[in-house]
Amino acid sequence: MRRFWRFLNRFFFYLLVVFVVVYSVFPFYWAVISSFKPSNALFSPDPSFLPVPFTLEHYENVFLRANFGRNLLNSLLVAGGATLLSLVLGVLAAYALGRLPFPPKNAVLYIVLAMTMFPQIAVLGGLFMLLRQTGLFNTHLGLILTYLLFTLPFTVWVLVGYFKGLPRELEEAAYVDGATPLQTLLKVMLPLTGPGLVTTGLLAFIAAWNEYLFALTFTVGDSVKTVPPAIASFGGATPFEIPWGSIMAASVVVTVPLVVLVLVFQQRIVAGLTAGAVKG
Amino acid sequence: MLTLRQVRLAWILVLPTLLVVALVAGYPLAQVFYWSFFKADIAFVEPPEFVGLENYLFLFQDPDFRQALWNTLTFTVVSVSLETLLGLAIALIIHSNFRGRGLVRTAILIPWAIPTVVSAKMWQWMLHDVYGVINVLGVKLGLFAHKIAFLARPELLLPSIIAVDVWKTTPFMALLLLAGLQLIPEELYEAASIDGASRWQQFWSITLPLLTPALVVALIFRTLDALRVFDVIFVMSGVNPATRTLAVYNRQTLIDFQDLGYGSAISVAILVLIFVFVVFYMRTLGREALR
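Residue numbers (the UniProt record's numbering), protein chains in the order written: chain A, 1 to 280; chain B, 1 to 291.
So here's chain B without its partners, still in its complex pose (with noise of 0.2 Å):
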């Protein structure tokens, strides 16, 4: 009797969710699906006519799709190591025992609440091609010999916005990390001490290890972040094609350009190529907080 209420009870409180989901994800999602075999502008000022798989095909050819996703996955692939390196650099000091590192972790949360638009302005200054700290800096302290255009010249471009979301995410995947450091029980590095193991050997059989499971969720998670990267590129760099990545590309196409069909099967394919890694990460996170 209880039960057959609750159960009741259940779906009234779950609706008002699954509505606000089915509206805001299932219909444009369903939208964009549909629209992806049509040749349609956004605003329908001609009548959408039905193209099948034209728009598909014609992501084969389109030299700006191919190195819009070269973009992301060089994108993706730089920044995920390096902020993986220098998260697990920075979760090992802070879970060292010092003093003042409850310092260290306020101060490495200040880049992730910073927003993304904000944080790249301040670099785009910091960057600054004449006026700079970090020109001023390194020609004082002879890092370079004269000032560096970053921002202007192509090559730079890239590695630069890598810096700034370096900077940005950085702390996420070290307190991530050190939600990982922080479960391993202290008694192994104990017993590995007594057993002689030196803090290299202790690292690689104890930490590491025992740490891959935060280490994959943490992957993962900056992994679909970086794939669908947007603000801090369309911000540092607009649409330049040296930088412009599928969601700066997929921005432009349907807004700018208002294509919806073109634009309808980019979007189609860049949920692809998250899903694959989505599919990934249920089956690694989604089993445990499921049971």
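Bound conformation, chain A alone (with noise of 0.2 Å):
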């Protein structure tokens, strides 16, 4: 009887565990076999679960919409800057606030701390004007610069915490031998933060690769604009023009690359995610 009570709270258990991972991945299968379904596949009042009869032409339309391709490049473009920008930016600042005799410190921390938490729609106003004003609107440069406001905060807090941790008888070393401090951080130290800049780049590049509000307020056009709202703007004039098929096939295109991502940087992920609890 024992053995029944154990077997049925193990079943229920596993059940549970099914439950959840369904729960997760349900909704981008589901988005990735309705992008390879043909349109009549894809309006069934039976549609199938698996990706029969298969197509390509939701893919082939996407990238033959002229601009995909441009919103596509805008996007790694716009991310990719605004990461290294961060990282650069962030690593000099963090290790000035984690490792230097800094009078100011707390107060520098507790704006960064403030950032990190900071309403974008607070500054929308002022940052349309700004980019108005600097001839920066719609540009790859003005969207970088706005990109910053999120990701140069969260850079550097978390890599604060890195240089913290790092044991102080390497810089000593370094000083004994007569390295300067500049030195000593970008030949001792940097090399040794390595997992916090592939953390904090991943978790930069994410955030930048999906916003959208910045996106869609600060551009106009296809020239700089980048995919999401790009996507949210598909389709046609009425909600029976909607093309579904090609709208899942362009999430599709840019999740991908970002649960390759997840996948194999996963550890570094959730360890950058509990330590800088960056936003979701």
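Check the hints yourself; a few may be wrong.
What the hints assert, rightly or not - Some chain A residues flagged as far from chain B (calculated, every beta-carbon gap over 10 Å):
1) Pro-38
2) Val-52
3) Thr-55
4) Gly-80
5) Gly-81
6) Val-112
7) Gly-135
8) Leu-141
9) Gly-194
10) Pro-195
11) Leu-258
What the hints assert, rightly or not - Chain B stretches covered by chain A per the calculated footprint, using a threshold of three residues with CB under 8 Å from any CB of chain A:
12) 28-36
13) 96-104
14) 115-126
15) 230-237
16) 254-265
Just so you know, the hints here were simulated from the structure itself, not pulled from any lab data.
The model shown is predicted, which means the values in this text are computed figures rather than measured ones.
Even for Gly, the Cβ is constructed at its ideal location relative to N, Cα and C.
Got two chains here, separate frames each, mind docking them using the hints?
In structure tokens:
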């Protein structure tokens, strides 16, 4: 009897596990198979749960739309640029804040911490005017600069933690050998923060890649527009004309790189998320 | 000697970051405060006119603002509560030892990584009134008698959007709580077992109290995020008054209506709302991190 209860317990537990996995994965699975179904199978009252019949027509449509390739390139440029810039600026600031004697340290850390929680919407109007005044409206550089609002403070915050965790002796040994503080940073400390750089870089990239509000507001036309606002505005004039197959294909195209990154760097992402507790 | 040089170096290293913060946060923020006291359009077609507190007073009379505030608070309370419960359940599942837990952890990262715009579109398709898989399965399994127009019925719109948000953000909650669970020493449970405490008692007297710090942090993060929600609402229902949150209404006022003055006042209102939570957050989290 006891073995029966234990079996039942185990059974329900695994049922729960299966439910969690299906709940997490099914919507993306459904998007993937929808993207491979021809339109008549897509709009069927009895849809199949496998991509049969199979077609690549939606992917062809997406890439034949002159602008989707452009949108992808823009996303890559903007997210890459914002990530790179935050890492460079972030490493310098984090080293100073985590390692060097710096009197207003706490004040700066408080500003950085407050910024990680800053609502983008609250500066939308101000940034809109700033970009207009400086001629950066609808430019890649303009979008990259505004993205620093959320990528840079987070990068600094997490990297300060990494720098603080490094052993004091390494630095002292470098000083004894006659290295300047800058040399110590570049030659001794920086190589040791490699994992931290990968983690923060990934999280910054994902945040920038997924950003919607600024990309929607600070671009016109497709020359600078990134993928999220492009996907959001896909489609026809009436609800009946929404090209679901193409939307799903485009969605899969932007999501696959992220899913691959997540699978490869799972451990680091989880560590970074829990260290910096970045926004979801 | 070394110290003085180090301080100087520190300033040089921090300066670029401070400049960026001043440029993309400080300056626009000052602009928002300044223009909130004016009647002005964002393109300055008409010369701006100083109106004192008029924009702020209008906040209290504007039914659209009140509705947006109500929508925002409803969204926040409901979605964060559901995410916390679900996230806790998932964290407890992953934390228990079983074969394939790595797989589950990987699986829950997928919703987290998917762009919000994409997850909104995916769910829009799944919730489609005729061909959506949820309707097809729901009818087939007898869960509902006939197909439901989830995104066309105003009373179902916000619940549907909340369901999408819960799906997308529960993983984040689960991961933060899992990290908290992993900090609880195993010996406590062993000792409790020896003393004859049941699993249920262990949960209430060990797990929950020791998980509280992680729970508080996760709650604050999600609350702040939910209070400024824009993407999922705007993609799924545009500026529909039934679901329009403060952020959506704010953007509509500033960009669509070009109303810089009143739009800025709404921004300040959002800031005040969030500021209250940020202070709370700094007091619980900041102190430890700054030590």
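Hint-by-hint comparison with the structure:
no.	hint	in the structure
1	Pro-38	14 Å, holds
2	Val-52	16 Å, holds
3	Thr-55	17 Å, holds
4	Gly-80	16 Å, holds
5	Gly-81	13 Å, holds
6	Val-112	8 Å, violated
7	Gly-135	15 Å, holds
8	Leu-141	12 Å, holds
9	Gly-194	19 Å, holds
10	Pro-195	17 Å, holds
11	Leu-258	4 Å, violated
12	28-36	holds (count 6)
13	96-104	holds (count 5)
14	115-126	holds (count 11)
15	230-237	holds (count 4)
16	254-265	holds (count 5)
Violated hints, in rising order: 6, 11; the structure is consistent with all others.
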